[in-house]
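Protein chains in written order, with the numbering used here: chain A, 1 to 159; chain B, 1 to 159; chain C, 1 to 159.
The set of hints was computed from the structure by calculation and includes no laboratory data. Each hint should be verified, as a subset may be incorrect.
Copies of the same chain are indistinguishable here, so a pair counts whether it falls within one copy or spans any two.
To be verified - In silico DMTMM-like links for lysine to aspartate or glutamate, alpha-carbon gap of 25 angstroms or less:
#1 K20 to D111
#2 K7 to D90
#3 K68 to D90
#4 K6 to E18
#5 K95 to D111
#6 K68 to E87
#7 K68 to E131
#8 K85 to E67
#9 K85 to E131
#10 K68 to D111
#11 K95 to E158
#12 K7 to D63
#13 K6 to E55
#14 K95 to D50
Nothing here was measured: the structure is a model prediction, and the numbers come from that model.
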Amino acid sequence: MSRTDKKIEELGLVLPSELKLPPGVVLPFPWVSVRGNRVYISGHGPQEEDGSMSEPTGQVGSDVSIEKARELAEKTALSMLGSLKRELGDLDRIKAWNRVFGMVNSAPGFDKQPLVINGFSELILEIFGPEIGRHARSAVGMAGLPFGIPVEIEAEIEI
Amino acid sequence: MSRTDKKIEELGLVLPSELKLPPGVVLPFPWVSVRGNRVYISGHGPQEEDGSMSEPTGQVGSDVSIEKARELAEKTALSMLGSLKRELGDLDRIKAWNRVFGMVNSAPGFDKQPLVINGFSELILEIFGPEIGRHARSAVGMAGLPFGIPVEIEAEIEI
Amino acid sequence: MSRTDKKIEELGLVLPSELKLPPGVVLPFPWVSVRGNRVYISGHGPQEEDGSMSEPTGQVGSDVSIEKARELAEKTALSMLGSLKRELGDLDRIKAWNRVFGMVNSAPGFDKQPLVINGFSELILEIFGPEIGRHARSAVGMAGLPFGIPVEIEAEIEI
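Using the sequences and the hints given, assemble the complete structure.
Here it is in structure tokens:
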């Protein structure tokens, strides 16, 4: 068992299955694309263990509370790690989290995007530690996200 | 004639001229910036063959239908390929599409951004094939875009 | 004194102190993350010389005028250069501005994001010149930004 898998297990966390898309939806791109030692990660949303999209959907600040949105950002980290494990085989291959772009589906006037995306950043740092896990970040408010998900995060890492 | 130009011609497509900016607008940056083997592509919108901005403008989900927005995303791919050809000389120099960030000017409640940006992704895959054309992607909803364009896409590629 | 510092002084500009966060806010990421010769820069907002967030806050096109927002984009360039100087020691180490992603907190219907972000781009070009300062750029409208700041910019550079 890899060091990273062990850490995830110690935290009592489970990586979800691949996203189950709604019927009729085709996404013509991979969740993770490896180019040399650089790994480009498509925008991920929160998933349940069986790969279904997490509930609730909607905008943060009206339909979804900050606390719930923070949980969804943690789940988004697990969605991304699930995709990375399926693509890389072993999460210990990850050498650096370079860039994290955190997008929050934001109700008019909502301005606490960093508190939401902290759920993602703190979990990545807990699993990977301060050197590998260190990432530049933006956490910003979108007018809408696919399928009404409250949080979507894209990233770039190195292996 | 390069392989990529031939493919574009076979598909009956034409790359547009450089964007004609509205009077008085100055954009102090290039559409494409080559740094070593990495190519950073500024946000592009849909253009007509003569370089004028495509109509209609406005938000998708209210002013602009999904079907029309999907067409505009295809046109955005052609705008980008036009800029790349002017900068690189030969589109066969493109070795990898790494990252595509698809932005949709979204009316309140619009959540079908992936269906729009699929117009871009599918055309890139058709022209470049599954290995070179493979890209990580996000497709998300913006509160507004320059000049009211319905779709803007930025990307990063390798030569 | 480095060439870049001299240029900043000649322009009568001063780099601000590190951002003073509102009480209780913790941001678990660095403002600048160096990975090899690549530097990932987190989303920055406008700051005053003492590190406090600049006023006014709110959306451009309603609460904040274009002219004021353009000034705030210039201040955001200085915030970023302040962070870079603290991390790199010497701004002359910067070899290339690769990518600039300019986000404008946009009131409904606002579509002049490029005029705002030009404040950032023009100052970077003035300080670094056309070769080092050349950057691919997008300037787009967000539904909300942290703490209600009108402008946030992230970037990627090379040293």
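Discussion item. One pair to classify: K7 and D90, alpha carbons no more than 25 angstroms apart. Within, between, both, or neither?
Written reply: within (13 angstroms within a copy, 38 angstroms between copies)
Worksheet item: How would you label the pair K95, D50 (within, between, both, or neither) given a Cα cut-off of 25 angstroms?
Response: neither (28 angstroms within a copy, 36 angstroms between copies)
Discussion item. As a check of your reading, is K95 near E158 (CA-CA no more than 25 angstroms) within one copy, between copies, both or neither?
Written reply: Both ways: K95 and E158 sit 5 angstroms apart in one copy and 19 angstroms across, limit 25 angstroms.
Worksheet item: Is it within, between, both or neither when you check K85 against E67 at 25 angstroms Cα-Cα?
Response: So K85 and E67 fail the 25 angstroms test inside a copy (27 angstroms) and across (36 angstroms) alike.
Worksheet item: At most 25 angstroms between C-alpha atoms: does K85 with E131 qualify within a copy, between copies, both, or neither?
Response: Answer is both: 20 angstroms inside a copy and 21 angstroms across each meet the 25 angstroms cutoff.
Worksheet item: Is it within, between, both or neither when you check K6 against E18 at 25 angstroms Cα-Cα?
Response: Close inside one copy (20 angstroms), not across copies (37 angstroms); limit 25 angstroms.
Discussion item. When Cα atoms must be at most 25 angstroms apart, do K20 and D111 count as within-copy, between-copy, both, or neither?
Written reply: Between copies only: 17 angstroms across, 31 angstroms inside.
Worksheet item: When no copy is named, should K68 and D111 be tagged within, between, both, or neither for a Cα gap of at most 25 angstroms?
Response: This pair counts as both: shortest intra-copy Cα distance 16 angstroms, inter-copy 20 angstroms.
Worksheet item: Is it within, between, both, or neither for K68 and E131, if the alpha carbons may be no more than 25 angstroms apart?
Response: Result: close neither inside a copy nor across copies, 28 angstroms intra and 39 angstroms inter.
Item to complete: State whether the alpha carbon distance between K7 and D63 is at most 25 angstroms within one copy, between copies, both, or neither.
Response: Classified as neither: same-chain Cα gap 33 angstroms, cross-chain 47 angstroms, threshold 25 angstroms.
Discussion item. Within, between, both or neither: how does the pair K68, E87 come out at a Cα-Cα threshold of 25 angstroms?
Written reply: For K68 and E87, neither the intra-copy (29 angstroms) nor the inter-copy (35 angstroms) Cα distance is at most 25 angstroms.
Worksheet item: With identical chains treated as interchangeable, where does the CA-CA distance between K95 and D111 reach 25 angstroms or less: within a copy, between copies, both, or neither?
Response: Close neither inside one copy (32 angstroms) nor across copies (34 angstroms); limit 25 angstroms.
When each numbered hint is compared with the structure, violations occur for hints 3, 5, 6, 7, 8, 12, 13, 14.
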